[in-house]
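Going down the list, the protein sequences come from chains D and A. 1 is the number of the first residue of the first sequence in this note's numbering; add one for each residue after it. 1 is the number of the first residue of the second sequence in this note's numbering; add one for each residue after it.
Note that these hints are calculated values from the structure, not bench results. Just so you know, nobody snuck in bad clues.
Derived, one-sided and incomplete: chain A residues facing chain D with beta-carbon distance under 8 Å: (1) Leu31; (2) Glu33; (3) Asn34; (4) Phe36; (5) Asn67; (6) Gly71; (7) Arg72; (8) Glu96; (9) Glu100; (10) Glu108.
A short list of chain A residues far from chain D (calculated; beta carbon distances all over 12 Å): (11) Leu4; (12) Gln88; (13) Phe117.
Rough simulated footprint, nothing fancy, chain A against chain D, three-plus residues with beta-carbon under 8 Å: (14) 237-250; (15) 317-325; (16) 330-343.
From the three backbone atoms N, C-alpha and C, an ideal C-beta is built for every residue, glycine too.
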Amino acid sequence: MVGKHLSAFDVYIANSVSKLLFAFRGSFSDSLTERIIGISESLHGDVEDSGAVNRKVSFLLVECFQNILKHRETSRANTQFADDGMFCYQAGEGAYYINSLNIVKVEIQDQLSKAVDFINAMNAEELRAYHKQQLQDNVFNEKGGAGLGLIELARKSGQKLKYRFDPISDDFAYFQNQVCFLTNCPAPHNHMDSTSELYQRMSNDNILLLYKGDFTQRSILPLLQIVQSDLAVDDIAHAKRVAHTLIEMLQNISRHSLETGQSRHGVFLVSRLNNSLRIETGNLIPKASTKELRNKLDYILSLDETGLKQLHSARFVESLSLPDKSRAGLGLIQVARAAMSKLNYSFIELDKDTTFFSLTVDV
Amino acid sequence: MNMLHLAETEDTPEVRYHESECTLVIRGKSLPENAFSFYSPVLDWAKSLSNESLSDFTIELYLEYFNSSTGRYLLELFLAISDQHIPQKKIVWFVEPDDELMIEKGEEFSSLIKIPFEIRTI
Chain D
1 MVGKHLSAFD
11 VYIANSVSKL
21 LFAFRGSFSD
31 SLTERIIGIS
41 ESLHGDVEDS
51 GAVNRKVSFL
61 LVECFQNILK
71 HRETSRANTQ
81 FADDGMFCYQ
91 AGEGAYYINS
101 LNIVKVEIQD
111 QLSKAVDFIN
121 AMNAEELRAY
131 HKQQLQDNVF
141 NEKGGAGLGL
151 IELARKSGQK
161 LKYRFDPISD
171 DFAYFQNQVC
181 FLTNCPAPHN
191 HMDSTSELYQ
201 RMSNDNILLL
211 YKGDFTQRSI
221 LPLLQIVQSD
231 LAVDDIAHAK
241 RVAHTLIEML
251 QNISRHSLET
261 GQSRHGVFLV
271 SRLNNSLRIE
281 TGNLIPKAST
291 KELRNKLDYI
301 LSLDETGLKQ
311 LHSARFVESL
321 SLPDKSRAGL
331 GLIQVARAAM
341 SKLNYSFIEL
351 DKDTTFFSLT
361 VDV
Chain A
1 MNMLHLAETE
11 DTPEVRYHES
21 ECTLVIRGKS
31 LPENAFSFYS
41 PVLDWAKSLS
51 NESLSDFTIE
61 LYLEYFNSST
71 GRYLLELFLA
81 ISDQHIPQKK
91 IVWFVEPDDE
101 LMIEKGEEFS
111 SLIKIPFEIR
121 TI
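Generate the whole structure from the sequences, applying the supplied hints.
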């Protein structure tokens, strides 16, 4: 990754083989799991992985998320922490990885390590027997001990659980664990280092949400819901501007991004500034269309509020006779009107036919 | 008269004609990928209203938000209604009191069509 700030292009380049990368840093709420599963399901629209894989991965997502929620009180009880940690989910090259990172007290470090080591030392048969025994004994240890959650993660994933601690202070540490599920991959990758680095970079830039993947409607809707319910913007006028801008920017990717395989890929980042959210999107476009897009953006940038309003009304009426019936051609003008500052854009040429286009808006 | 009722989905609004009040109500959010295919039946329905010898007709919209391609078809719907031979026609655009964006959108529609367009807070 290059550059001072983490950009959409950095994410695109560093994760070129991922079919999906989703990272959420901030306040974890119960409803977030549902949305992540919604995003995950969009992966299975293609027939590559069966419904059974989908169900198993969804199960692992829920279980990992429950784990992270259990630790939430540690970060909430201490005002020094800006977030509860990070939840990162990625898929590609025949494997699914869930890395979660949360804040724990140093005093439970030993207990946690022992619990995971204990589970990791067992083979499948032993795990099954141990699971049965735990169910019979009705031993359900909420924290620490080798609870049912960990056993289920080990059994359903069929892989050893990876974990590590990164010290924060004498009292606190980041606990990260990685759960993976392999469908067509000889051995799992270790994403622990890259997850820690990503967390640091997201913290530095106050990035709350990062997504690289498919931008068809079935992925856009859960993303929109996450921004609306989990990156809470209090006043209604602001919340509406954010929602509106997001829809236009995300649907722009879905309409204009170059199709690769069967899907339209792009990158999407949301960070929190003082009184606004910064939204950045990035996607591939045909190099041949850059000139027209640049002209359009420069023209929008040259206009003040009144100018934009007049341009919008004029184009609005013209849209009625656009030959392409699925669009109105008004998205960028609307984004510019809702924004709190001027739009920023960049074009990065990748090869003779393809350009990476990114757009940043504060709203 | 033809019935018109489209149930609300995750990305499209409920559209329902209340015959006794001669009122078409559009309620929810509208951000379909393809606004044309969603709004086509509504437009066809609206264009057939002339045959009904109505004395009055109202469209009430309670939209949380809508995407730009929906805007195109709402404008087309309003213009289609303007063209119908109905003596009393009006559009009522309901907004939450602080929702500046939807108020602005209402004002823009109002400036582009010639029949009464009222912006009312909920």
